[in-house]
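J.: Sequence:
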Amino acid sequence: MRKAWSTAEKLLLLSPLAFVALVSGMWAWRESRPKPKSIPKPSTVRFFRFSPDSQRLVVFSTEDKSGRYKARVLDAKGRAKICELTMPVFKAAGQVVHPGFFYRPSWSPDGTRIVAGYKDRSKGLSQIPTAPSRNPLENDTGKFAVWNAQTGALKGNFPYAVDNEDSKGPVTFSKNGARLIGEGNPFSFFDTQTGRRLEFLKSAPGWGRNPTFNEKQNLAAIFDNDMASLRVLDWKTKRVVWQNQHTPTTMKGWGDDVLAVTINQFVKGSEGDLLHIEHLSLWNSKTGQLRPFSPSIPSTFDNLSFSPDGRTFAYTTFIYPTMRPKNREDWGYRVVVGDYQQNRTLWNFGGHIRPDTAQWSPDGKWLSVLNRDPNAKSPQLLIFDRNGKIHFESNVQDQTHVWSPDSRRIATPRELPGKTWDFDIIEVSQKP
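Residue numbers (this note's numbering): 952 to 1383.
Derived DSSO-like pairs (lysine-lysine); straight-line CA-CA distance at most 27 Å:
id: 1; residue 1: LYS1187; residue 2: LYS1119
id: 2; residue 1: LYS1370; residue 2: LYS1032
id: 3; residue 1: LYS1126; residue 2: LYS1070
id: 4; residue 1: LYS1032; residue 2: LYS1106
id: 5; residue 1: LYS1032; residue 2: LYS1021
id: 6; residue 1: LYS1316; residue 2: LYS1126
id: 7; residue 1: LYS1189; residue 2: LYS1119
id: 8; residue 1: LYS1119; residue 2: LYS1106
id: 9; residue 1: LYS1167; residue 2: LYS1126
id: 10; residue 1: LYS1316; residue 2: LYS1028
id: 11; residue 1: LYS1119; residue 2: LYS1016
id: 12; residue 1: LYS1126; residue 2: LYS1028
id: 13; residue 1: LYS1016; residue 2: LYS1070
id: 14; residue 1: LYS1016; residue 2: LYS1370
Hints listed in this document are in silico derivations from the structure and should not be mistaken for laboratory results.
Let the hints inform the model, and build the full structure from the sequences given.
T.: Okay, structure coming up:
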């Protein structure tokens, strides 16, 4: 007669069953999770933006094989696809022509519509003079499309300008949703329902490049065609209120009532090489004065971001060693936060850092910086509080990120096997 099984024998007998149950449970859990099929084909992510309620993402990507654009609206929490945007196409010479380039998309303030400017291979009616050895070029004809954000249906496909005007550029909703703003060539306003052009900038010959609009102050900043001179126009009166002539200038963006620019200069370095340096200045729309930001160290400036508080801004910069040979702590890449109302630096962060982008959260409490340290395996996301203390840091895959309008989340793309894509949604604690 066999004696009763020992505990060890029972465990040995039951272990295969336990293993099967464990594997089955893990498989069921894995299948129940949201599947990362946000962008299922080998693609490259071009643009992504949160909806005004912070619950959805619109993502524009290009398929690697065909190069065609695709756009989807995703649930921000689970990344499940809500809808796919119907791409605009047209027929020319018996062929179906697809958009060849999209500008950044824009949500309507109520979250029901999405707009984006784009270019395709269509050409206009005007001949653009070129060098004698080349044939004249036909003018570009920019377009923009409007979609239903719930269904993805194409609500409208409109020309940016008439056929004989050279046109292209991004199109966005105004902050109150009453009109569309075309920050391209020419600078224009459009009806949100019909796409009809309501107004456009009839600039003097040689002017009208890269316009940037300050909706609060109703001011438009534009370059001449050579990108050498900058003007600011009062849109209501069409009067030039400031002009920076014959000085190489780069426009960095609008704050509430200031325009940030850099004055460009080329100097010879200590080893005889030619260095491109920039001097940061701020034009005040209330006083009409251009004032250098102090202390102004010859540097290169990038990724300037204004806080919504109306006085603070941040930028990334590279300071050349040859400009300050005695102050080694100031060499290299840095993140700088300044008070432009008091014209002073509040804090800066350097060290083992190569900042790529800097963005204020919409509520102005946090500053996010993507760091591309050459010694690190992947980019690093750093989130600072207003005092310059690191609140959060994490390794990420991509060098782009966006804040949600409620300042509670950050989205950044993540590549999966087979070059499909998902998004990491990083929750940002609101407690410092």
